[in-house]
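Q: Listed below, chain by chain, are the residues.
Number of protein chains: 4
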Amino acid sequence: MLIVMHQKATQDQVDKVVNEIKARGYKALPIPGGDRVSIGVLYNKGAIDPTIFISMPGVKEAIPITRPYKQVSREFHSEDTIIRVGDVFIGEGHMVIMAGPCAVESEKQAITIAEKVKQCGAHMFRGGAFKPRTSPYTFQGMGEEGLKILAKIRREIGIPVVTEVMDYESFDMVEHYADMIQIGTRNMQNFSLLKRAGKAKKPILLKRGMSATIDEWFMAAEYILEGGNREVILCERGVRTFVRHSRNTLDISAIPYVRNESHLPIIVDPSHAAGRREQVIPLSRAAIAAEAHGLIVEVHHEPENALSDGAQSLYPEQFDLLCRQVRDIFGIFEKQHKEEQLR
Amino acid sequence: MLIVMHQKATQDQVDKVVNEIKARGYKALPIPGGDRVSIGVLYNKGAIDPTIFISMPGVKEAIPITRPYKQVSREFHSEDTIIRVGDVFIGEGHMVIMAGPCAVESEKQAITIAEKVKQCGAHMFRGGAFKPRTSPYTFQGMGEEGLKILAKIRREIGIPVVTEVMDYESFDMVEHYADMIQIGTRNMQNFSLLKRAGKAKKPILLKRGMSATIDEWFMAAEYILEGGNREVILCERGVRTFVRHSRNTLDISAIPYVRNESHLPIIVDPSHAAGRREQVIPLSRAAIAAEAHGLIVEVHHEPENALSDGAQSLYPEQFDLLCRQVRDIFGIFEKQHKEEQLR
Amino acid sequence: MLIVMHQKATQDQVDKVVNEIKARGYKALPIPGGDRVSIGVLYNKGAIDPTIFISMPGVKEAIPITRPYKQVSREFHSEDTIIRVGDVFIGEGHMVIMAGPCAVESEKQAITIAEKVKQCGAHMFRGGAFKPRTSPYTFQGMGEEGLKILAKIRREIGIPVVTEVMDYESFDMVEHYADMIQIGTRNMQNFSLLKRAGKAKKPILLKRGMSATIDEWFMAAEYILEGGNREVILCERGVRTFVRHSRNTLDISAIPYVRNESHLPIIVDPSHAAGRREQVIPLSRAAIAAEAHGLIVEVHHEPENALSDGAQSLYPEQFDLLCRQVRDIFGIFEKQHKEEQLR
Amino acid sequence: MLIVMHQKATQDQVDKVVNEIKARGYKALPIPGGDRVSIGVLYNKGAIDPTIFISMPGVKEAIPITRPYKQVSREFHSEDTIIRVGDVFIGEGHMVIMAGPCAVESEKQAITIAEKVKQCGAHMFRGGAFKPRTSPYTFQGMGEEGLKILAKIRREIGIPVVTEVMDYESFDMVEHYADMIQIGTRNMQNFSLLKRAGKAKKPILLKRGMSATIDEWFMAAEYILEGGNREVILCERGVRTFVRHSRNTLDISAIPYVRNESHLPIIVDPSHAAGRREQVIPLSRAAIAAEAHGLIVEVHHEPENALSDGAQSLYPEQFDLLCRQVRDIFGIFEKQHKEEQLR
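Residue numbers (my numbering), protein chains in the order written: chain A, 1 to 343; chain B, 1 to 343; chain C, 1 to 343; chain D, 1 to 343.
Just so you know, these hints were derived from the structure itself, not from any lab.
Keep in mind that this is a model prediction, so the values were computed, not measured.
There are no misleading hints in this set.
It does not matter which identical chain is used: a pair holds within one copy or between any two.
35 angstroms max Cα-Cα, derived DSBU-like pairs, lysine-lysine:
#, residue 1, residue 2
1, Lys8, Lys199
2, Lys118, Lys60
3, Lys16, Lys27
4, Lys148, Lys116
5, Lys8, Lys60
6, Lys22, Lys116
7, Lys118, Lys201
8, Lys60, Lys16
When you get a sec, could you build the whole thing from the sequences and use the hints?
A: Here is the structure:
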């Protein structure tokens, strides 16, 4: 923490800040500057709440230096976390593709799509049984019946499944059926849910909130890690901006930033970022080209009859093209890494 | 819904859209234009999912015309909803002030502040017992002990209390102790919580999500109304933008827009909008001048020792000034209304 | 400037940063912390470019402490700047209202509106002769003919006029006819125009850019002050956000922040913030309640026939109501200031 | 245009809107709906100003259907525009890389960098002679001397040059020396400059404004096309959002959207989007993977001594890696297109 004093702060005000720092067990280092005095706070472990100091007379700003997250940080844990779900590896050196409909609508629909996406090369099946819907008047998901269909897909088609949990009450049930549990955008700061996820025995796919900073996203993951579950996959899905030509704005810079700052894998959801089918493939290619560790994509065999998100769901043949193109791009990195190892 | 076709859409594509509209039980009205054909969807009750049509070949856009909310709308219910909490009225013609610390930290702290804010003219006491905190390492609230302190404040100081509920599990407990239940920004789209709130016997204070559109906010309220609880107060608390000089950007336009579109009361939280003490009073005055139905303000007798949100909490004497100033502004409207009635 | 090193930065990397600081003539103060070393840069006059240090190995962040602006700052010039235009005073203790149509469309239209707004209590007349229009196909303003009409209004109706300048070439002409020169939102960082404005003999009304931070806005004003023209009035007109219910989001917090940080007057344009007539009066009241020094409002006697911005232009009778209401609110502050002086 | 009436609009109000539409020479088609009447405006050529109708009693909304731009649109001109600069082709089927320092600082600096970027495979050299700087106190560019250095680079190193023009006054001079003229972000809506660019004999590189919608960007390009210059290249450079981990947020969706809506080429500036060197390569790969037609990248041989934008400038060896990686990605598309042609 660095505390910046007003240009006209008195010596007495500076002294009071110094004393407050000491009273809290830290070391204070006043730094005389050209225009004003600043005061460094030293030897703190972890972040300090800046509001303590902003309240004091003569203080202009309190600038945090230490990041608030710890276990999520690569400084804390330098090796890449690689998560295994059945035979699927998620993390550095792998490219995972999860695909399926927005919602499980019927056994027939789900199985039809699961077979198709597996053929195209998807490693995991996605499909919602509990749907967070903006309107109380729209389809809210099949509930446990949907989860049973997912379990059947894993069993019969041989592909692990990921599905969303919406609340604490249904967590046990979702955890029972799913291979991986998704926490959605609207629940990224549902702290009760995050604490429960910290006790889960399954990996958590944590989507970024609609307008969350990366620090906030990391802190949400920190709740899960702190709870004891170290298997968290981050999922960038676009942030809300002023733009109108896409549903959200995919934050591509988040990929290199997260890769650098954290050891956790990061994948991308191009479907919710775009909100329009024709942008999904370009965004998918961009995500893999920026070295995301994978994708989660909405696919439907009859999007025009989908009960939700039809406009952004790919046709199976489009998904097939997507898979081929991102494999080609990922191949470039693989080839390069092999060449580097040979040297 | 208006469906806009591509300039080069074929007659066959237009026909297919028309047939799809009819198949869903609506009436289709093709509208030839200068450049392109559009197709109106008529006689629908409630909103239609645009994604059905966006998926179809030749379709450029599907523009919703009917709003997705119903019970929240002034078109549905034209009279202002006025909510009574004890002797306090919230809604048109009244100005309610809720005040208190961010969190209940101890009986002594809470009672000290409650006495002060009541003296200054606050009508309700606010204070968190369960705190949604970005970091798992910071103070999470006193839990039920905090709720008991709130109940004591109501009993002994004679002022109704509002406090936040964070999850379904603790809802019964919060409902038992509180006079009004707050659903926070991060839970605005926690649909399980909204459904439970729809069954509650206490009024709900529904804060706007950090980057929620007003349509989304209304839809969240619609969940509560649809569940059977008609006592919802909306609370504008600023939205996240690129600006740096305040924690959020208070959306003043939301006040006239909500007043016009909905019959529900709308109040403002200047403390979370500002994030800095020195902006709280100007924002409060602005909110009342724009005809918000009230304020919810953070006040602390020792902000520098507050366990959370100290930087934005007012000193009691600042809160006193705030109350006097907003009463003067509200007085202008009252005087004007009386004059209008006399004519 | 505070330079924060990576947790694993080597001593050698720290030394190199220290040497770089010294080589540039500043003093370096290494600050050992709990997790990492930071290095303060001392005795610099004015802001230092952080990019110099971000480029160096081992550096995680470079945090500017000194603000980049100088002459705009209240720390540099503590007394409120009050600007006089004819008999009109703009700045602390005064409330100025500028009103008129978006564009001067004809002598008859402009004079009709000027008479009406003057009757209602406007102190200055606004009207565009050169219009920055998004589309090349729409009305671009009357040019010099429009300026002559403005001059006639000043002469015959006795009210000073403010109008926009769009480029360097027409600056002399606008300066010749206008009492105050407006630089519009889209030109806030047109640095050639700002430099010319610094040489102008008339006060400049500087609108905030559509997504400008306050630092950037201040720096734009700094160009004008640095050029020698000390008469700058800042105009907040809403920033672009994700919201849909208003054209822009009026940034009310900018008012207390600017009042605190700068000695320059700040007024508000509620018309462009709202983009819809029905929000203009509430936003105007809010702005004055937050202690803006005035308003600039679009008024048209026949908005439905306006050549531009009809939807946000007030009818004269609405403007009359607006003037009465904001005068009442401003009266509260005046009364309070008098009471304070009597004590 | 579709005009949506209030639910309780009277027949008289509907009639007045219909008459207004007819009075303006269009055809009106009233559309009775479930809840309310809407009125289609037919047979208009080009966009209609919605504000005319929003002003009328009983009108709730006026929704534009026709896009405001024309010559920029693919509906107007279906074939891809390909622009030739010397031997360089910009547009569909080509990948152009422009690279160089933010600013020309000296002949030696510029030539050193030009030689390096040409070796790595850059097709054009970039470098600013006139710099739009936020602060009046920082380096403003070398002016004509810088332009002469650029001309020398073209002559001696054999690579075309692109440089920014900041105002009307210096346009002739820049046009004389440069092969391509850049209009920067802050000038995207400097309409005087756009009109001059419409008369230029050189291609224009038009950067997107900091928070411009694509419609606004297209309208800026429309000014240039309308003026007679049909050689416009669009450049996406990130938009301003709430995020902190990058300077701007690169809007990847803009690439497929622009490719679809317009015939003009679109390239990407990853350097200004990122603002940090370590994100530039991932963003570059993402841009090409999303089928941008090229890149404009900041490169400096000694970024730590750059007079501007050092933090985001690549070292030459990083730029070399970038070129190799984006060529590999572009190769995937080329291979695919060849395969498609063979079928």
